[in-house]
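Undergrad: Residue strings, one per chain:
There are 2 protein chains.
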Amino acid sequence: MEKVNLSEKLSLFTEHWSPKIVGELNGQMVKLVKFKGEFVWHHHENEDELFYVVKGSFDMHLRDKVITVNEGEFIIMPRGAEHKPVAKDEVEIMLFEPATTLNTGNAGGEKTVANPERI
Amino acid sequence: MEKVNLSEKLSLFTEHWSPKIVGELNGQMVKLVKFKGEFVWHHHENEDELFYVVKGSFDMHLRDKVITVNEGEFIIMPRGAEHKPVAKDEVEIMLFEPATTLNTGNAGGEKTVANPERI
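Heads up: the protein sequence lines correspond to chains A and B, in order. Sequential numbering from 6 applies to the first sequence in my numbering. Sequential numbering from 6 applies to the second sequence in my numbering.
Among the clues, some could well be false.
What the hints assert, rightly or not - To give an idea of the chain B side of the interface with chain A (calculated C-beta under 8 Å), a few residues:
(1) Lys8
(2) Leu30
(3) Gln33
(4) Val45
(5) Trp46
(6) Leu67
(7) Gly77
(8) Glu78
(9) Ile80
(10) Val91
(11) Pro103
(12) Leu107
(13) Ala112
(14) Glu115
(15) Val118
Claimed, not checked - If we take Cβ atoms under 7 Å as the criterion, some of the chain B residues that face chain A in the derived model are:
(16) Asn10
(17) Leu11
(18) Phe18
(19) Gly28
(20) Met34
(21) His47
(22) Asn51
(23) Leu55
(24) Ile72
(25) Val74
Keep in mind the hints are simulated off the structure, nothing from the lab. The beta carbon of each residue, even a glycine, is placed where N, CA and C say it ideally should be.
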């Protein structure tokens, strides 16, 4: 049983859009990810997903609005809700989501990370 | 669909050891809680529990060691593991745990909050 320091874990990688697993509980994963630029529109059929901003900010594009999520804030994307994260500058995020969640959801494509690394 | 600002939610209450619900996903609750002083020894039979420190620090007492968890760090208590949080000064925590989790686990007693408020 060890504690996890987010800054320390975030210093271990530089890639964008590639979530890393840093914890697991009750079938849910805790992941860290860095966003920069524009992701793909997608949704998750069976998984709700929480995005907590550790550092920076990003825009969560929904079909009917855009929500800017700042440091110290989180947003929950319910299953089925189409979304597209966009980050003008690099942002560091902690994700909570089921172990089965694919980053690109239904969309697939080149940004898909099928087996996130544990760090 | 709304974002949640942790500081704003934390400004809405002052009690210690009384978790408030601020989000829900995949049958898991996101809660905020303030600790100060010493809690009771307890464990959770069927639930793993994540403690993320938003502000301050606290000592997680385990039967064989004490782990100090600082701002920007989290610790996961696996089901069955006895633990007792102790905070010399007030600390602000985000919890991630199943909807069924009682704050005092198997121990019960006067610090039990059976129906956490949603804020």
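Undergrad: Look at each hint and say if it fits the structure.
TA: Outcome of the hint check:
no., hint, verdict
1, Lys8, "4 Å, holds"
2, Leu30, "4 Å, holds"
3, Gln33, "6 Å, holds"
4, Val45, "19 Å, violated"
5, Trp46, "16 Å, violated"
6, Leu67, "7 Å, holds"
7, Gly77, "5 Å, holds"
8, Glu78, "5 Å, holds"
9, Ile80, "4 Å, holds"
10, Val91, "15 Å, violated"
11, Pro103, "6 Å, holds"
12, Leu107, "15 Å, violated"
13, Ala112, "19 Å, violated"
14, Glu115, "27 Å, violated"
15, Val118, "20 Å, violated"
16, Asn10, "5 Å, holds"
17, Leu11, "5 Å, holds"
18, Phe18, "17 Å, violated"
19, Gly28, "5 Å, holds"
20, Met34, "11 Å, violated"
21, His47, "16 Å, violated"
22, Asn51, "9 Å, violated"
23, Leu55, "6 Å, holds"
24, Ile72, "6 Å, holds"
25, Val74, "5 Å, holds"
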